[in-house]
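Sequences listed follow chains A, B and C, in order. Each residue of the first sequence is one higher than the one before, counting from 1 in my numbering. Each residue of the second sequence is one higher than the one before, counting from 1 in my numbering. Each residue of the third sequence is one higher than the one before, counting from 1 in my numbering.
Bear in mind the hints are in silico, worked out from the structure with no lab data behind them. Even for Gly, the Cβ is constructed at its ideal location relative to N, Cα and C. Where hints are given, some of them may not hold.
Claimed, not checked - Pairwise CB distance ranges, derived in the manner of DEER restraints:
#1 C:L331 with A:P16: 35 to 45 Å
#2 A:Q179 with C:G64: 52 to 62 Å
#3 A:A15 with B:L56: 29 to 39 Å
What the hints assert, rightly or not - Think about it this way: if two alpha-carbon atoms lie no more than 30 Å apart in a straight line, the pair counts; the simulated BS3-like pairs of lysine-lysine are:
#4 C:K74 with B:K182
#5 C:K101 with B:K164
#6 C:K74 with B:K164
#7 B:K10 with A:K96
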Amino acid sequence: MATQHSRSAARIMMAPAVFFLLVWMLVPLCMTLWFSVRDFRPLRGGDNGFVGLENFVRFVSSSAFWPAILTTLMIVGGVLLISIVFGVLLAILLDKPMWGQGIVRILVIAPFFVMPTVSALVWKNMFMDSVNGVFAHLWRFFGADPVVWLSEVPTFSIVMIVSWQWLPFATLILLTAIQSLDSEQLEAAEMDGASPLSRFFYITLPHLSRAITIVVLIQTIFLLAIFAEIFVTTGGAFGTRTLTYLIFQRVLESQNVGLGSAGGVYAIILANIVALFLMRIVGKNLDK
Amino acid sequence: MARAVTTQRKALNTAVAWIIGLLIFFPILWTILTSFKTEADAIANPPVLFAFDWTLENYAEVMERSNYGRFLSNSIIIAGGSTILGIIIAVPAAWSMAFVPSKRTKDILLWMLSTKMLPAVGVLYPIYLLCIQLGVLDNRFALVVILMLINLPIIVWMLYTYFKEIPGEILEAARMDGASLKEEILYVLTPMAVPGIASTLLLNFILAWNEAFWTLNLTSVDAAPLTAFIASYSSPEGLFFAKLSAASTMAIAPILILGWFSQKQLVRGLTFGAVK
Amino acid sequence: MGRITLDKVRKAFGEVEVIPPLDLTIEDGEFVVFVGPSGCGKSTLLRLIAGLEDVTSGVISIDGADATMVPPAKRGLAMVFQSYALYPHMSVRKNIAFPMKMAGIPQDEQNRRIEAAAKALNLTDYLDRRPGQLSGGQRQRVAIGRAIVREPAAFLFDEPLSNLDAALRHGMRLEISELHKRLDTTMIYVTHDQVEAMTMADKIVVLQGGVIEQVGSPMELYRTPRNIFVAGFIGSPKMNLLTGEEAAKRGAHTVGIRPEHVTISTTDGAWKGTVGVAEHLGSDTFLHVHREGATDPMTVRVDGEFSAKHGDTVWLTAQEEQIHKFDADGLRIA
Chain A
1 MATQHSRSAA RIMMAPAVFF LLVWMLVPLC MTLWFSVRDF RPLRGGDNGF VGLENFVRFV
61 SSSAFWPAIL TTLMIVGGVL LISIVFGVLL AILLDKPMWG QGIVRILVIA PFFVMPTVSA
121 LVWKNMFMDS VNGVFAHLWR FFGADPVVWL SEVPTFSIVM IVSWQWLPFA TLILLTAIQS
181 LDSEQLEAAE MDGASPLSRF FYITLPHLSR AITIVVLIQT IFLLAIFAEI FVTTGGAFGT
241 RTLTYLIFQR VLESQNVGLG SAGGVYAIIL ANIVALFLMR IVGKNLDK
Chain B
1 MARAVTTQRK ALNTAVAWII GLLIFFPILW TILTSFKTEA DAIANPPVLF AFDWTLENYA
61 EVMERSNYGR FLSNSIIIAG GSTILGIIIA VPAAWSMAFV PSKRTKDILL WMLSTKMLPA
121 VGVLYPIYLL CIQLGVLDNR FALVVILMLI NLPIIVWMLY TYFKEIPGEI LEAARMDGAS
181 LKEEILYVLT PMAVPGIAST LLLNFILAWN EAFWTLNLTS VDAAPLTAFI ASYSSPEGLF
241 FAKLSAASTM AIAPILILGW FSQKQLVRGL TFGAVK
Chain C
1 MGRITLDKVR KAFGEVEVIP PLDLTIEDGE FVVFVGPSGC GKSTLLRLIA GLEDVTSGVI
61 SIDGADATMV PPAKRGLAMV FQSYALYPHM SVRKNIAFPM KMAGIPQDEQ NRRIEAAAKA
121 LNLTDYLDRR PGQLSGGQRQ RVAIGRAIVR EPAAFLFDEP LSNLDAALRH GMRLEISELH
181 KRLDTTMIYV THDQVEAMTM ADKIVVLQGG VIEQVGSPME LYRTPRNIFV AGFIGSPKMN
241 LLTGEEAAKR GAHTVGIRPE HVTISTTDGA WKGTVGVAEH LGSDTFLHVH REGATDPMTV
301 RVDGEFSAKH GDTVWLTAQE EQIHKFDADG LRIA
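Chain A with its partners taken away, still in its complex shape (with noise of 0.2 Å):
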């Protein structure tokens, strides 16, 4: 709906942006494909040639390759679980009249703007640690043995504090939907005799099906990428090496390029597989 001359206008006002994503993605991408099929080791000498497949090959068949899947299949899952079913909890709680709402608000939002490298450092030291850690004084307090957790139940206490960091997030989109919730739907159920509890299971949750999918996929897209929790916590020891994190390790530390490029094939193309669905959601969203 518009003239010739503003349709010109809009496409050269749109070039910047357009031309800098594209480099930005292609570029790279050009590279890392180029360099997962070759061997490439910059302190062993550098580009040694064309081999195909063979990193490809060679990643998945690593022993770390399918411990890391699992690994970010545990995390990704456990913190989606423990987000989603506090979150819808919680925004339902949030949602009912009280004093003092906007500032539990606060409270409950607050984790969500905590670096990640602070959080994961405060959870590792002043929680977590086994002699002077907050759980460890709770512990010791009804007489258990301290745990240590980073070492005895890793993968647990990385969901643990990434699920507290990403809770506020679940809870502030399902709070925002469920506002959006017209009451009068409720106040229709409620007297058509439905009870509280199936006026949740079939109002309240049909409403909010929209919002938790949303969730779950842009919290998979960050999730899958997770890097500092785990960088300053355990460093990927004790079985807490992710995908990326496995990735991270053969590009910058054993500065095996090949290999790593070959692996971030793979994380490219599972983060495809989830972008998709979500664009799917959100490209619906726009023809409204």
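Take the given structure of chain A and dock chains B and C to it, following the hints.
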């Protein structure tokens, strides 16, 4: 419709919500409190919540030892620079998409979003290599550009959703009134979109401030922002709880405050307008 | 001056042709109303004249000069939008001044014109307010003020009254008509409301599906509608349209009888029927009469004092000389 709720019911809601809220907030509160303790109080058994000797010595020590000022200014330059650069590039693009949509607009928007989903680790080495080759490893400007590119899709999307709410008729009126494209954007669109632009600035500043992949992997000394400053405490300094807390508090305080102001925009920005 | 001619103007959005080639001449000083149901292309036509949309083919000329490719601001036209499109961040004064500022008109001349417009539109006390602090009618006046100060060759109005309530709408209708008489400038006015068209226009253009169904003065359209569409669209309440036996009797496929051209009697007449709903307007009453053997009720205008209850039996007679006849294609039979 608001409905009358019994006082007991409201009191119960309030109590439960406050307990949960304080539990979730506790790690932050504990960090802030510990930052004012002496190292001995910080590891006291049993722990003390408020009844300790308040001291500022941790802050003084952190400042003195690790050149906090440089990390802070790097954080401000990187987060601020990338946000402002992003806005300058994104405003015209969002204008185009919101007011002169074509059949491809939707595809371009989704494509932009898809670049955001490219896992950073997948392109870590190429970027690392490019930075070395261009001599910009550990360089603030390089990080400004990289973080701008990472957040550009979100900036464009947020501005797009805000611009879409401005009626196109107003811009058409400006066009009929003889405003050029530049005047239309400068005198009409931008002033009307000030709240939207402000919240976009805010959210992206926060995201850039907390970004901890590129800032950790592409900096060492000169360009290192607060994320790296804190990471340097992973060990063995991390065992000094009070100093760790002071450093942490200094790293998160500015952004926590900004974050509280922008909660609403956060929902919109991070869900690309899919939840309002 | 403001003579606008459209020569074979055609508009298509991709494959969809919204306006097939169309010719129209608007004379200087005329008040022309484009009227039609929503989606008939009337707003698109106005936007083509404004230059907010490109024509797909054809020529638009303003005062004899080809304006087809001229950008909107250079056409010398002013537009009043349906949503008023006021700049919310500017005061009323700045809103009105904006087009003059863009045109680089000197400050004292700007002030002179603002004062004059504000006086004419009763806005003097509101010049320093923001649009958000004004009522709907006042916003409408600001939008008009912004158009007036440009001293345009023609004013374009895009459904300007549709956001106002009924009482205000009537007042603004008079104000705009008054403005036209005073300025004597061409005005093109788009509406879906045939009452606005009838009461304001010098010339009405009835559109349907992008095609001009008829052009003429309000009374021409009322007296001699060219086809069934115009007959049904112009006039309130709607013309009664009868087909079948009644039409065949008069040598037509369809006959149309306006409610005001039916006489009613409680004793005798051509058609017997029972009274359904009666809408009392005070001065007039519209009766919906169910004729024996007919499916649709017939609307009849009677005097406000006429008393009829639901279920009463009445007789109706049409005034033969006022009956409109249409053929099978819906065209008027002369």
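Comparing the hints with the structure gives:
1. C:L331 with A:P16: 35 to 45 Å: 58 Å, violated
2. A:Q179 with C:G64: 52 to 62 Å: With a Cβ separation near 60 Å, Q179 (chain A) and G64 (chain C) satisfy 52 to 62 Å, so the hint holds.
3. A:A15 with B:L56: 29 to 39 Å: 52 Å, violated
4. C:K74 with B:K182: 16 Å, holds
5. C:K101 with B:K164: Measuring from Cα to Cα gives roughly 27 Å; hence the hint holds.
6. C:K74 with B:K164: Holds, because 27 Å separates the two Cα atoms, which is no more than 30 Å.
7. B:K10 with A:K96: 8 Å, holds
In this structure, the hints that do not hold are numbers 1, 3, in rising order.
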